[in-house]
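Participant: Listed here are the chains, written in short residue letters.
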Amino acid sequence: MRDQKLWTWHIAAGAVILVLLGMHMTVMHLDRLVHFAGLNPAGGHPVDWANVVERGKSAAFMVTYVLLLGAALFHGLYGLRNILLELNPPGILKKAIGAVLLIAGLGLFAFGTWAAVAGHALARTF
Amino acid sequence: MGEMKNVTYRVRLFDPNRDAAPHWESFAVPYVAGMTVLDGLWKIKELHAPGLAWRSSCRMGVCGSCGMLINGRPGLACNTQISELRSTAVAVAPLPNFAIIRDLVPDLAPMIARHQELKPYIVRDDVQERENPTGEFFQSAHELEQYLQFSYCIKCGCCMAACPTYATDPEYSGPMPLAQAHRYNADTRDGGFAARKTALGGEAGPWRCHYAGECSRVCPKGVDPAKAIQLMKRELVMDYLHLHKKRCPAKVAPKPSSPRREGIPEAPAKTV
Numbered sequence: 001m002r003d004q005k006l007w008t009w010h011i012a013a014g015a016v017i018l019v020l021l022g023m024h025m026t027v028m029h030l031d032r033l034v035h036f037a038g039l040n041p042a043g044g045h046p047v048d049w050a051n052v053v054e055r056g057k058s059a060a061f062m063v064t065y066v067l068l069l070g071a072a073l074f075h076g077l078y079g080l081r082n083i084l085l086e087l088n089p090p091g092i093l094k095k096a097i098g099a100v101l102l103i104a105g106l107g108l109f110a111f112g113t114w115a116a117v118a119g120h121a122l123a124r125t126f
Numbered sequence: 001m002g003e004m005k006n007v008t009y010r011v012r013l014f015d016p017n018r019d020a021a022p023h024w025e026s027f028a029v030p031y032v033a034g035m036t037v038l039d040g041l042w043k044i045k046e047l048h049a050p051g052l053a054w055r056s057s058c059r060m061g062v063c064g065s066c067g068m069l070i071n072g073r074p075g076l077a078c079n080t081q082i083s084e085l086r087s088t089a090v091a092v093a094p095l096p097n098f099a100i101i102r103d104l105v106p107d108l109a110p111m112i113a114r115h116q117e118l119k120p121y122i123v124r125d126d127v128q129e130r131e132n133p134t135g136e137f138f139q140s141a142h143e144l145e146q147y148l149q150f151s152y153c154i155k156c157g158c159c160m161a162a163c164p165t166y167a168t169d170p171e172y173s174g175p176m177p178l179a180q181a182h183r184y185n186a187d188t189r190d191g192g193f194a195a196r197k198t199a200l201g202g203e204a205g206p207w208r209c210h211y212a213g214e215c216s217r218v219c220p221k222g223v224d225p226a227k228a229i230q231l232m233k234r235e236l237v238m239d240y241l242h243l244h245k246k247r248c249p250a251k252v253a254p255k256p257s258s259p260r261r262e263g264i265p266e267a268p269a270k271t272v
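Top to bottom, those sequences are chains U and E. Using this note's numbering, the letters of the first sequence map in sequence onto residues 1 to 126. Using this note's numbering, the letters of the second sequence map in sequence onto residues 1 to 272.
I should point out that these hints are in silico values taken from the structure, not numbers from a laboratory. From a predicted model like this one, the values you see are computed outputs, not experimental measurements. You can trust all of the hints, since none of them are fake.
If you want the footprint, here are the derived chain U segments under chain E, 3+ residues with CB under 8 Å: (1) 7-16; (2) 85-96.
Using 27 Å as the maximum straight-line C-alpha spacing, the simulated DSSO-like pairs for lysine-lysine come out as follows: (3) U:5 x E:245; (4) E:246 x U:5; (5) E:119 x E:246.
Ranges of calculated distance between the beta carbons of each label pair, as one might list FRET restraints: (6) E:144 x U:107: 50 to 56 Å; (7) U:111 x E:217: 42 to 48 Å; (8) E:62 x U:95: 41 to 47 Å; (9) E:121 x U:76: 37 to 43 Å; (10) E:148 x U:95: 40 to 46 Å; (11) U:18 x E:60: 46 to 52 Å; (12) U:76 x E:143: 39 to 45 Å; (13) E:253 x U:113: 55 to 61 Å; (14) U:19 x E:143: 32 to 38 Å; (15) U:103 x E:126: 48 to 54 Å.
Glycine is no exception: its CB is placed at the ideal position from the N, C-alpha and C atoms.
All chains should be built: construct the whole structure from the sequences, respecting the hints.
Facilitator: Here you go:
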């Protein structure tokens, strides 16, 4: 039953990545083709400092990137866990793999979220 | 192939009472047009190695006993003609991914045990109707098609031998038990999805399948276990999301109102 739950979240995370990574790619690389208001406010290249700061001021952008981070971490680490478990480790190592990946995932998510929130707060001071 | 006089069989032999490890031996077998790999094994037993062991029974691709590795590919010895192999060399070994009992006899017990765990039979609450049937359960042609191809499985173990995941992960149920669990889940007469879900939702379930598709490629009966596994994944995900269609097991079809339809000839009188 546990794997049924984890697999469903794995698939859901994949769908979230597809949408959010698509948005990220559109903003960063398709700026000449797609003109969304507010995504490239200063004109020029999407990674120009002025554009980065303007986008950083948006709470929606921050939330989007935190969601993308969470989805990517869960999707990637669950996939990695499955690959490692196929090596058929003994029971205790199996539990250790799960625990290490969970701690690593939570740690990276906390660090990434802190960076996103800090970036948003910093952008608002400009 | 018409000019072929002899074929050389390389057979992997192993007697646990005598050998430390399996070894190969070669045998020359006179070729006859239409000869199957199984016919060749009988010839070897007759001419060279009377102690050679393998399983076989029906000789017509129905019983699933003679699954073995033929020129590197799992298949039924009775269902594989030597002319199909396009070679005068025939290498025969027991199905991989199973322990060897002797020579070409694999130990299929773990596969059968896993098959049994997944309740490969119709599960219903109405025990009375099941034990003492009053009629037939209603099922439309469309409903039949949902599981029909999976019911052609003869449990030969070829899919298990071809599965790269089962090769490395003995906890994985494997294509045959999973496809058979889906065969019953997809049967409208069955109400055992909840009972099977406990085993399927865990680590032994369909989650380890990489969709390599080798199981479907080698199946001698044209069953598509890889498809069954993907359909089962979908069913279990929908169940977790509470979107799985709850269905009542098919009801008993009412008997025809008139005892006999017109135009149907009478059955001949009983002779016994």
